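Asks: Sequence:
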Amino acid sequence: MTPNNLHFVFGMAPDFGGKPFSLVHYLSIKSAVDLNKPEQAYFHYQYEPTGEWWEKVKPLLRLNKIEAPTQILGNQLYHVAHQADVVRLQMLQLHGGIYMDLDTISVKPLTEFLKHPFAIGKELRAKWMAKNWRQRLKFKLGLIKIKDGETGLCNAVIVSEKNSDFVNLWLDEYKNFRSKGRDKYWNEHSVKVPEKLSAQNPALITTLSPYAFHYPLYDDKGMKMLFEEIHDFADAYLHHLWESKAWDPYLSKLTPELIRSKDTTYNLIARKYL
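Going by the working numbering, 45 is the number at position 45 of the sequence shown; the sequence numbering is gapless.
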């Protein structure tokens, strides 16, 4: 049984990758804690954030200061994103629980997935997302097949029991890690490797619909659906906000006043947690 712990990873570099702890990160933690009611909400960091929103959320968290890994299994980790990728797996291996990126907003609790030894959501490329409810139903029923290589398993949200077989297999694959940053291997170990391991070990993993965590997508249409329009996504447990795409135009500009005054998909969810 997977324990009801939450895990967040932040602050692998002193400049926080140019994205300091902000309102969006506060709302990610607050919504997750309020909905899931965890036994522990771990915050794993090397450099502690500062500021109003950090001080407000800090009492909800169990702080765990770490040293960001610079290598794994003999291979160097050049980018802070890859360091965070490794830390999340190591902490799930050690403690078990639910890992969430801080560019998420929770809609429903994930506690129903704690019965699984390991669960993760699919991520599809924009051209493979259903255009209407009929296509979405066909996808759920397995009537629409995705071509090999056009899908992956996104590590932004992971549910895992302590020392699960799948986490151990995933970490072991880092013996083949070869990315040096934003290169052609950028998402190999965060998306493609778990997809490969899932195909090889289907009994060890539960894969969830892309509509559970990772929709709308990171394309322009998806950004507008989240931050400019109003939609109700009945299948969503949370929304991945795709910070690398959304930071400059949307997330960096969030204020409580904006969230309260403008009705959008994101704002209508987020204002409950201000």
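For the record, the hints were derived by calculation from the structure and aren't laboratory data. Among the hints, a few may not be true.
Claimed, not checked - Pairs of lysine-lysine, DSS-like flavour, derived with a Cα cap of 25 angstroms:
| hint | residue 1 | residue 2 |
| --- | --- | --- |
| 1 | Lys140 | Lys115 |
| 2 | Lys162 | Lys65 |
| 3 | Lys108 | Lys58 |
| 4 | Lys37 | Lys56 |
| 5 | Lys196 | Lys221 |
| 6 | Lys30 | Lys245 |
| 7 | Lys192 | Lys58 |
| 8 | Lys192 | Lys245 |
| 9 | Lys262 | Lys272 |
| 10 | Lys262 | Lys19 |
| 11 | Lys221 | Lys162 |
| 12 | Lys37 | Lys58 |
| 13 | Lys162 | Lys192 |
| 14 | Lys56 | Lys221 |
| 15 | Lys224 | Lys37 |
From a predicted model like this one, the values you see are computed outputs, not experimental measurements.
Asks: Could you run down the list of hints and mark each one as holding or not?
Replies: Structure-based check of all given hints:
1. Note on Lys140 and Lys115: the hinted pairing holds, with a Cα-Cα distance of about 21 angstroms set against a maximum of 25 angstroms.
2. Of the supplied pair hints, the one linking Lys162 and Lys65 holds, its CA atoms being roughly 20 angstroms apart against a limit of 25 angstroms.
3. Between Lys108 and Lys58 the CA atoms are separated by roughly 22 angstroms; this keeps the pair inside 25 angstroms, and the hint holds.
4. In summary, the hint linking Lys37 to Lys56 is supported, as the alpha carbons are separated by about 18 angstroms, within the 25 angstroms threshold.
5. For the hint linking Lys196 to Lys221, the alpha-carbon distance of about 29 angstroms lies beyond 25 angstroms, and the restraint is violated.
6. About 22 angstroms separates the Cα atoms of Lys30 and Lys245, which keeps this hinted pair within 25 angstroms; it holds.
7. Using a Cα cut-off of 25 angstroms, the hinted pair Lys192 and Lys58 is violated, with the two alpha carbons roughly 34 angstroms apart.
8. The hinted pair formed by Lys192 and Lys245 meets the criterion: a straight-line CA distance of about 20 angstroms does not exceed 25 angstroms.
9. The straight-line distance between the Cα atoms of Lys262 and Lys272 is roughly 14 angstroms, inside the 25 angstroms bound, and the hint therefore holds.
10. Proposed proximity of Lys262 and Lys19 is supported: the alpha carbons are some 23 angstroms apart, at most 25 angstroms.
11. Of the pairs offered as hints, the one joining Lys221 and Lys162 is violated, with about 38 angstroms between alpha carbons and a cut-off of 25 angstroms exceeded.
12. Restraint check for Lys37 and Lys58: the C-alpha separation of about 16 angstroms stays at or below 25 angstroms, so the hint holds.
13. For a cut-off of 25 angstroms, the pair hint linking Lys162 to Lys192 stands: about 23 angstroms separates their Cα positions.
14. Of the supplied pair hints, the one linking Lys56 and Lys221 is violated, its CA atoms being roughly 33 angstroms apart against a limit of 25 angstroms.
15. Straight-line distance between C-alpha atoms of Lys224 and Lys37 comes to about 31 angstroms, which puts the hinted pair past the 25 angstroms bound.
Going down the numbered hints, you'll see the structure goes against 5, 7, 11, 14 and 15, while the others check out.
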